[in-house]
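Visitor: This is what each chain is made of:
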Amino acid sequence: MVLVLVRVSHALARSVLRRAGAAVAVVVALSALCFALLDAAPGDPAADILEARSGGRPPSAAAVAELRRSMGLDDPPPTRYGRWVGGVLHGDFGTSYKTGRPVSEVLADTVPWTLLLTGAAVLISVFGAVAVGLAAALTRRAWLRRGIETALFVVGGMPGFVVALLLLWIFSAWLGWLPSGGLSGPDQAVTLGVLLPHLVLPALALAFGHHFGAYARLVETGVGRLRTAPHVDNARARGLPGRVVVARHLLRPGLVPFAARLGVGVGGLVAGAYATELIFSWPGIGRQAILAAQSQDYPVLTAIVLLTGVIVVVANLLGDLAVAWLDPRVKLEPAHAH
Amino acid sequence: MRKSALVIGVVTVLVAAGCGGAGGGSGAGGESGGTFTYAIGDEPDTLNPVLQDEHIDPVTEMVFRGLTRHDAANKVVPGLAESWRVSPDRRSYTFVLRKGLTWQDGKPLTSADVRFTIEEMKGAGAEVPLSRNFASVASVETPDATTATLKLSRPFAPLLDAMAVGLLPQHVLQGKKLTDADFGRNPVGAGPFRLTSYKPGQYAELVPFDGYYEGKPKLPKIVIKYVPDDSARLIQLRTGEVDAAHVQPQQVAQAGKVKRVKVETYPTADYRALMLNFRKPVFADKRVRQAMNFAVDRDAIVRSVLKGQGSPATGPLDESPYKTAPAPFAFDTAKVDTLMKSAGYARNAQNLWAKDGKTVRFELSTFAEDSARVAILNVSATQLKQAGFDVQPNPRPRDWVRKHWGDLDAFVVGWGTPYDPDSSVFGPFSSSEVLAKGGSNYGSYSNPDVDKALASGRDTDDPAVRKAAYADLQKALAEDPPFVWISYLKTDNAIPDTLRGPQQRTLGHHGYGFFWNAEKWSWS
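Residue numbers (the numbering used here), protein chains in the order written: chain F, 1 to 338; chain W, 1 to 524.
Everything labelled a hint here was simulated from the structure, so no lab data went into it.
Source: prediction; values computed, not measured.
Every residue, glycine too, gets a C-beta built ideally from N, C-alpha and C.
Treat the hints with care, since some could be wrong.
One-sided excerpt, in silico: chain W residues whose CB lies under 10 Å from chain F [stated by the list, open to error]:
id, residue
1, Val96
2, Tyr203
3, Ala232
4, Gln236
5, Pro397
Whole structure, please, built from the sequences with the hints as guidance.
Guide: Structure (structure tokens):
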């Protein structure tokens with residue numbers, strides 16, 4: 001038994017390492033691509049800075065040229081990329097063009113809030129989708145199943161920001177149950193008791209506005225198609241209690257398609273966080289990214305794109321591991337490689 | 001089973017937290033004697049006043065103070081300086097500081113700080129656009145701690161106005177760049193409120209500064225909350241999460257319905273107009289440009305695009321004390337016909353004005369990213385087309401525009417200042433500032449009468465001479481229009497009806513400046 005476990009974890013470790021290596025390559029490629037795209041994108045950070053400093057008036061060409069020079073923007077892209085990589089290797093992500101703050105400081109201020117928001121949204125998505133999907137798959141009441149399916153269809157079809165604004169109007173403006181934005185009320189310290197209610201609406205908006213419908217449908221179909229499978233009938237015939245049948249024979253294999261989709265979906269969730277954070281004044285990276293994109297704040301934008309890439313890569317990896325755990329038939333690496 | 005227990009657990013916690021939050025979230029609103037919380041959409045890149053230009057965000061406005069400042073009529077009045085003397089040749093300005101001034105960190109504020117601020121700004125050059133105001137300052141002398149004398153290389157009438165820029169503390173910024181990020185987030189000024197906490201992306205918290213020269217302000221605390229989404233701002237106002245908020249024109253009616261809230265509408269000197277490019281032959285005849293100024297129905301644009309939150313514009317100084325009456329232009333199709341016919345045009349088969357087979361054809365553009373300007377572009381293009389001008393509306397990306405100012409035919413621009421007129425009329429209308437010379441006269445407008453009026457307005461501070469100069473300027477601009485004037489914008493803020501003190505004033509670019517007299521505000 002112990003031997004088997006060691007063998008399994010050994011294989012797992014090797015596979016994780018291999019994937020981590022691939023992930024590093026993806027991130028490096030992503031950084032180069034991001035740099036090239038920003039270089040090709042229209043916009044002039046120097047002109048933007050000067051415009052902001054002169055009340056929105058167009059700056060003179062001479063002033064723009066001078067600032068571009070002092071910012072090192074006139075160097076060829078490979079030189080700038082090299083300089084940037086050199087900095088990153090020393091843990092220096094550069095400074096924001098707009099505010100002059102170190103990018104690492106901007107990230108330290110914002111990343112934890114985005115992780116908290118997306119983490120909460122993932123939890124709500126997962127538990128909510130499993131609960132709703134199971135209910136739809138197992139119920140014998142056709143109206144309930146159809147009701148859930150219709151609701152999922154409607155919610156799934158709504159853009160994330162519409163869901164966010166709807167939640168805001170219902171629970172905050174109309175019912176007044178929940179605060180509408182920020183981390184805390186004015187003049188309130190950010191404590192857990194204050195933070196939780198502020199988290200509810202953005203997390204729900206992010207969860208329901210992005211993939212929730214698809215997740216629940218995956219659970220429903222994944223579990224539903226197994227309801228009359230021979231091994232389930234067999235388990236019932238052996239007289240196993242209903243909840244054991246559901247948990248062991250229906251849920252575990254039934255969740256495989258859902259788990260596989262979840263890893264990919266986290267990427268979409270991070271993207272969804274951008275709009276959600278803006279609507280709920282949530283001080284995360286999404287809001288930073290939009291501001292940085294609007295003002296061509298390349299150092300901030302590049303770091304955020306990279307970070308988002310890392311999150312997506314890690315989420316995919318975790319998704320694959322979850323599938324392997326749920327379905328023993330899935331090998332993390334082909335048995336006969338080469 | 002454990003899983004379902006967990007689900008129930010999570011839901012319970014969320015619901016419980018939600019119910020608990022309702023009380024906490026709405027507790028702060030409307031409490032008399034408490035914190036005043038204001039929601040605004042835009043967050044500045046920096047809280048350093050010399051890196052902002054007439055478009056001072058509320059926090060910077062309250063933290064800093066200049067030697068001079070503006071009163072409700074936008075007249076220059078003493079700020080940190082209690083008085084000043086100007087030499088007869090207007091090349092020497094001597095400012096006397098108030099006694100016992102200190103910075104918000106307790107250090108004394110002296111004439112050395114005045115010299116530091118001006119010299120640093122001058123030295124920063126292109127990085128600090130506001131440095132243009134100090135180009136004429138040759139040196140700053142500080143004979144004693146409360147006296148600073150500015151020696152000018154040439155007279156510069158707007159100098160007193162320019163000295164309203166927030167003074168910077170030498171002891172904090174010595175040896176650092178003006179663009180120092182740390183100072184931009186932890187500013188130290190001599191204004192009525194002191195910044196105690198700033199969370200970028202969230203809020204800024206201010207308390208009264210005990211050492212403020214007019215006495216300690218009455219509001220115990222001000223929180224400026226950054227809420228970028230327009231709808232979210234209105235919702236927070238309704239739920240009482242904020243006491244006050246900046247609102248958009250289309251939200252004024254809704255905001256007015258919120259309990260215990262009233263909407264304050266202030267005029268601004270920020271106008272929109274169609275800039276015409278004088279390098280294009282189609283605009284050569286001034287009668288055509290006059291006709292276009294009679295062809296736009298400004299009231300209709302204010303009603304439809306600005307939801308009533310604007311006023312018709314017929315010149316660059318309509319919101320200035322230098323405004324002359326009566327307005328030179330109004331919507332008048334008969335005048336359009338007369339002017340166009342006298343210029344030799346006749347209606348063609350498409351009902352467009354044409355001369356020698358050529359219509360008054362031009363592209364009207366603006367920044368595609370600015371939805372308010374695009375709306376003005378569309379409506380004014382439709383109106384001009386109905387009046388017989390062959391307008392091709394075409395918004396373009398900001399970045400393209402930046403590189404092609406000289407190629408544009410016509411463009412929806414925004415200009416204007418509530419302060420000294422020079423700063424917003426010299427740039428766009430002086431022939432010495434044309435685009436080819438690197439200036440901000442993007443339409444390459446050139447008119448000797450205008451140049452003369454601009455020069456005499458700039459080189460004197462004799463009020464009568466300046467009044468005459470800017471009257472001449474407005475007359476010359478009406479006779480030979482550089483722009484098709486459209487509208488001045490208004491700015492709206494929803495505030496609690498228990499707040500006393502906000503006083504109407506013509507505000508600047510983007511409608512900032514609502515907090516200009518916050519030191520006098522109080523709860524009733």
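Visitor: Would you mind marking each hint as holding or not holding in the structure?
Guide: Each hint, compared with the structure:
1. Val96: violated, 30 Å
2. Tyr203: holds, 7 Å
3. Ala232: Status holds, d = 5 Å.
4. Gln236: holds, 5 Å
5. Pro397: Nearest chain F Cβ about 6 Å off; hint holds.
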